[in-house]
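There are 2 protein chains.
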Amino acid sequence: MVLSLIRNISWAPFAMNRKHKSPPKVFCVAYVAGSIDGRISESNRSKMHWTSKEDRNFFQKSLGKFDAVVTGHNTYRMAETRLKKRNTIVFTSKVNKPRLSGSVVFFNPRKSDFIKFIKNQNYKKLAILGGPKVYNFFLKNKILHELFVTIEPYVFTTGVPMFAGDKFKKYKFCLKSVKRLNKKGTLLLHYQYAN
Amino acid sequence: MVLSLIRNISWAPFAMNRKHKSPPKVFCVAYVAGSIDGRISESNRSKMHWTSKEDRNFFQKSLGKFDAVVTGHNTYRMAETRLKKRNTIVFTSKVNKPRLSGSVVFFNPRKSDFIKFIKNQNYKKLAILGGPKVYNFFLKNKILHELFVTIEPYVFTTGVPMFAGDKFKKYKFCLKSVKRLNKKGTLLLHYQYAN
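Sequences listed follow chains W and Z, in order.
Each residue of the first sequence is one higher than the one before, counting from 1303 in this note's numbering.
Each residue of the second sequence is one higher than the one before, counting from 1303 in this note's numbering.
Mixed in with the good hints there might be a few duds.
The list cannot tell twin chains apart, which means a pair is met if one copy fits it or any two copies do.
Stated by the list, open to error - Result set (SDA-like, lysine to any residue): computed pairs, CA atoms no more than 20 angstroms apart in a straight line: (1) 1481 with 1492; (2) 1485 with 1495; (3) 1485 with 1496; (4) 1355 with 1474; (5) 1421 with 1401; (6) 1435 with 1472; (7) 1435 with 1460; (8) 1474 with 1358; (9) 1355 with 1472; (10) 1367 with 1472; (11) 1421 with 1348; (12) 1485 with 1497; (13) 1486 with 1447; (14) 1396 with 1460.
What the hints contain is simulated information worked out from the structure, not anything from laboratory work.
These numbers come from a predicted model, not from an experiment.
Working from the sequences, and respecting the hints, build out all of it.
Next up, the structure:
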């Protein structure tokens, strides 16, 4: 089912889905795990094994609800084995047009229209897994609807930031809930976009 | 009283206070207000008026408990009028030896021994108000005991990070409490250093 969805892609035109005069909106939810000081890893190529098992459990359970996940190329490489089994859209500048490999699509959002692609795929719910530029793409294009931020109780003082924008902006969110995941104090914050 | 304390500084030697064989430990608490993505302002020279009034109230009330506050030079300039009234230690590279101006001391931690200075002053409780390098100085020197982090419900995507270290480290903290300060979801997190 998962594979058949992705294989039905009609790559060539990326035409709007004509069945819907006003096509259903795609719902995008970002998942970010960071330190108290907003760092998500040491470098772009670090393996992401520093988060708590409680966060990993929450994250893995959450993904079941989505039609597809979106990651950057670095994030994809770190978790390739697991992501290969899902409908995964990998943002990369290394392709000029979408390239399909099993259930994974390598997609260049500078060269192809992402919104059209998503509508064409009939994807309703996307999980955005980062890194910073990918999160930023969704924010900038006003298609980031919810945000789950896990704050692990560390300060890193340097490293990769959660978001990498090219311009300071004040994107407003509204806090929906806070949950403490374990004794040491891993926090799960759930926000809704409010601009 | 406040002024007299700072005026009793014996600048010249910065000798250890010989009255105490094991002088009482100084207790340092950092206050940080940031966005969800760990940014504290647009630039080093931005005025810090973007935080909620609930956070500002909490912050102002908290400062009453401390013998002195510590800030960097940029942070000091942004809040000079208010800080002038307090015992304030301003970290700056622009002095070679401590320079006193009213209740404010301009202090170069690369040129003078900060721990000795604090002991000599008989300061027991310090509030650390940032910026990023100042917070980092206290972490690196293992004299950051508690941390209050206010998370305002915004994503900035760029700007000044909470901490500015020169090396990735995993400083552990333990969450003591979480408090929601207002309806939109400003959060106040209280951490204790746990390394």
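Here is how each hint holds up against the structure:
1. 1481 with 1492: both (9 angstroms within a copy, 15 angstroms between copies)
2. 1485 with 1495: between (29 angstroms within a copy, 15 angstroms between copies)
3. 1485 with 1496: Answer is between: at 13 angstroms across copies they meet the 20 angstroms cutoff, but 31 angstroms inside does not.
4. 1355 with 1474: between (30 angstroms within a copy, 16 angstroms between copies)
5. 1421 with 1401: Within one copy only: 18 angstroms inside a chain, 65 angstroms across chains, cut-off 20 angstroms.
6. 1435 with 1472: within (17 angstroms within a copy, 24 angstroms between copies)
7. 1435 with 1460: Both ways: residue 1435 and residue 1460 sit 17 angstroms apart in one copy and 11 angstroms across, limit 20 angstroms.
8. 1474 with 1358: between (27 angstroms within a copy, 19 angstroms between copies)
9. 1355 with 1472: So residue 1355 and residue 1472 pass the 20 angstroms test across copies only (17 angstroms; inside, 32 angstroms).
10. 1367 with 1472: Neither: 29 angstroms inside a copy, 33 angstroms across copies.
11. 1421 with 1348: Neither, since 33 angstroms and 41 angstroms both go past 20 angstroms.
12. 1485 with 1497: between (34 angstroms within a copy, 16 angstroms between copies)
13. 1486 with 1447: between (29 angstroms within a copy, 16 angstroms between copies)
14. 1396 with 1460: neither (28 angstroms within a copy, 25 angstroms between copies)
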